[in-house]
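Student: Chains A and B, in that order, are what the protein sequence lines are.
Letter by letter, the first sequence follows residues 0 to 276 in numbering that gives the first Met the number 0.
Letter by letter, the second sequence follows residues 0 to 329 in numbering that gives the first Met the number 0.
No lab work stands behind these hints, which were simulated from the structure alone.
Don't be surprised by glycine CBs; every beta carbon is placed ideally from N, CA and C.
A portion of the hints provided could be inaccurate.
[Claimed, not checked] Now the stretches of chain B that chain A is said to cover, found in silico as 3 or more residues with beta-carbon under 8 Å:
| hint | stretch |
| --- | --- |
| 1 | 29-41 |
| 2 | 64-71 |
| 3 | 160-166 |
| 4 | 189-201 |
[To be verified] Here are the computed lysine to any residue pairs in the SDA-like style, where the Cα-Cα straight-line distance is at most 25 Å:
| hint | chain 1 | residue 1 | chain 2 | residue 2 |
| --- | --- | --- | --- | --- |
| 5 | A | Lys102 | B | Ser283 |
| 6 | A | Lys5 | B | Thr232 |
| 7 | A | Lys124 | B | Ala3 |
| 8 | A | Lys157 | B | Ser283 |
| 9 | A | Lys129 | B | Ala216 |
| 10 | A | Lys264 | B | Ser154 |
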Amino acid sequence: MAINKKYSFKDFLDQKFIQVSATEFNNSEIIGSCFYQQVAPDTQVFPTGITGVRFVRCNLDNVLIPTGNIIESDCCHRKIKVQNDLEDWVVDNSLKSVEPVNKKVFEELGLSTDAKDIPVDFIRKEIVVKAEWLRTKDSPEVTDWFLETPRIISQETKEGTKAILKTKWNSVSDKTIWAKNFDTTPTVTQGKRPVNTRRWIDKNNYVWETTLEDFMILKDNITTYTIEGKGVILIEGRKHRPFTNLSVTFAKEQELRQADIDAVKALGGGIAERLGV
Amino acid sequence: MAAADMYVQADGPHGTEDGLSWANALGLPEWIADMTNNAEAGDRYFVEEGTYSLTDNYAGTLNGSTAEPIYIISVKSGTSNEPPLFSDHAFTTARPVIACGAYTFYHNDYWIIKNLEITGTASSGLIKADTGSVLQNIKSNNTGAAGRIAIWSGSTGGRIIGCEAQSVNGVGITANGGNLIDACYIHDCTDGINFNATGVTIVNTIIDTCVDGINVATRSTNNIIGCTIYNSTTIGIKGSTGVGCTILNTIIDGCAVGVDWTTASKSNYFDYNCWDNTDDVADSDIVQGNSKVTGDPGMTNPGAGDFSIGTGSNCHNVALDAGDLTGATV
């Protein structure tokens with residue numbers, strides 16, 4: 000069987016060829032390529048009607064391969080889905096989690112590889128600026144990512160001050176760009192602050208000069224909220240909305256690292272300081 | 000058994016399949032098996048340009064040594080020298096691609112890995128530099144879900160040199176204790192660099208168009224020197240409770256906020272930096288230093304990836320250098 004050079008030894012991660020003619024694939028051997036689709040198992044990648052394709056040493060995870068084609072034993076053809084612990088799990092035909100894709104890392108970290116220990120829901124946690132939150136909380140950029148109205152679980156308020164060089168202030172017509180994170184419209188006063196500038200004596204030498212320049216001083220409170228609620232991890236085709244949750248492996252690794260730091264500190268004798276922990 | 004030079008080709012194995020010459024090169028499965036079972040201090044794997052698609056995790060447990068690391072060095076297509084010369088080494092588009100899919104390409108201690116491109120979606124990093132290891136001229140792109148990492152500096156003393164990292168929904172590089180990140184280009188990430196421990200040093204590195212450029216978080220005594228942080232859509236350098244950090248000779252330009260700390264500490268030392276952001280600092284306890292420069296650094300074309308500055312720049316010749324040290328004779 001002829002080797003399909005166009006589609007062999009290539010990286011086709013998350014790419015689809017549904018619109019390509021099946022004749023480009025039929026009755027050929029595809030070797031050593033990655034066709035993995037990260038969003039969901041049984042994703043159609045190849046055009047309808049491909050037949051007689053023999054896949055050798057390929058990554059076909061989450062790829063729908065119709066009958067009439069051969070998947071050699073040195074390929075991988077798992078069903079994989081990200082779960083509520085933010086890790087990829089191998090799932091069965093009914094999309095039930097079986098084991099983590101990176102089982103060895105789980106075992107090294109002492110994490111459970113039993114699917115029953117995966118959280119039932121993904122609780123999305125974010126830190127948002129109150130002013131921004133009030134502007135956007137009912138918009139799709141927020142509501143598309145939460146399955147319920149998120150709760151404000153804590154908040155922190157501190158006084159914020161911004162100083163903008165008056166010449167810069169005057170050069171911009173929309174001055175709200177500096178005020179948008181304050182809780183309310185900030186007070187605006189004018190004051191002088193030192194600014195260092197260089198005065199070139201010649202092309203190789205300069206001196207620093209300090210002058211007092213006019214600044215516009217904005218002042219008001221800035222409140223940040225920590226919000227949480229049932230949410231979604233990813234939406235296909237959308238740049239993800241950041242959250243503060245850590246994947247279970249990363250969180251465990253940080254926890255273990257903190258335990259090491261605490262153990263070093265407990266030794267005393269300035270060891271921790273010398274090591275910079 | 001003595002250390003050996005081994006040869007790997009994407010369409011291998013060939014000939015006797017012992018990997019001891021190009022004619023008998025290993026293929027990917029044989030290469031993985033050899034690294035897993037036989038790699039020893041001083042071994043060198045020369046990997047020819049091509050695409051190598053993983054079908055499972057590779058997590059090697061064999062170590063090089065402080066005297067004799069184990070090497071992976073990638074070379075251009077058609078290389079025939081045995082061993083290859085430096086002129087055979089692969090750069091830019093000639094680098095082999097390790098297509099990880101959902102899997103990882105992890106090595107253990109004292110490995111030096113050069114000249115690879117890595118793609119995938121794994122959560123805890125596509126590739127890592129463990130104790131005493133070096134990643135050099137590696138391009139890693141993680142296109143996975145939220146929080147996924149392009150390069151994980153896995154353990155103490157890992158060095159990441161001249162690498163490129165991208166993770167559109169996650170982290171470019173996660174740095175651990177005592178790591179060095181030097182001359183890297185990190186771009187289009189949610190977090191460009193996350194500190195996971197203390198004693199990290201970042202030098203000569205560009206962090207371009209990330210949501211947050213560098214996240215110091217709670218980590219202390221880290222150093223950011225001679226870097227450029229450009230166009231962070233939220234914060235250039237952010238921290239929560241980290242103290243004792245040093246930020247010197249760095250351009251922070253075009254960010255919504257240059258530097259912000261949840262609980263700022265004056266023990267974080269900033270000076271000889273150039274600031275030109277919508278909002279340079281968001282806390283009065285962030286002290287910019289007496290030798291700060293403000294205003295446009297005049298980079299040549301940062302939007303097109305040219306971050307160079309000319310002799311007329313605001314930032315030219317203003318960095319702290321040995322000549323500024325009182326009492327030193329230079």
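Student: Does each hint fit the structure? Answer for all of them.
Tutor: Verification of the hints:
no. : hint                : result
1   : 29-41               : violated (count 0)
2   : 64-71               : violated (count 0)
3   : 160-166             : violated (count 0)
4   : 189-201             : holds (count 5)
5   : A:Lys102 - B:Ser283 : violated (47 Å)
6   : A:Lys5 - B:Thr232   : violated (40 Å)
7   : A:Lys124 - B:Ala3   : violated (51 Å)
8   : A:Lys157 - B:Ser283 : holds (11 Å)
9   : A:Lys129 - B:Ala216 : holds (21 Å)
10  : A:Lys264 - B:Ser154 : holds (19 Å)
Checked against the numbered hints above, the structure violates hints 1, 2, 3, 5, 6 and 7; every other hint is satisfied.
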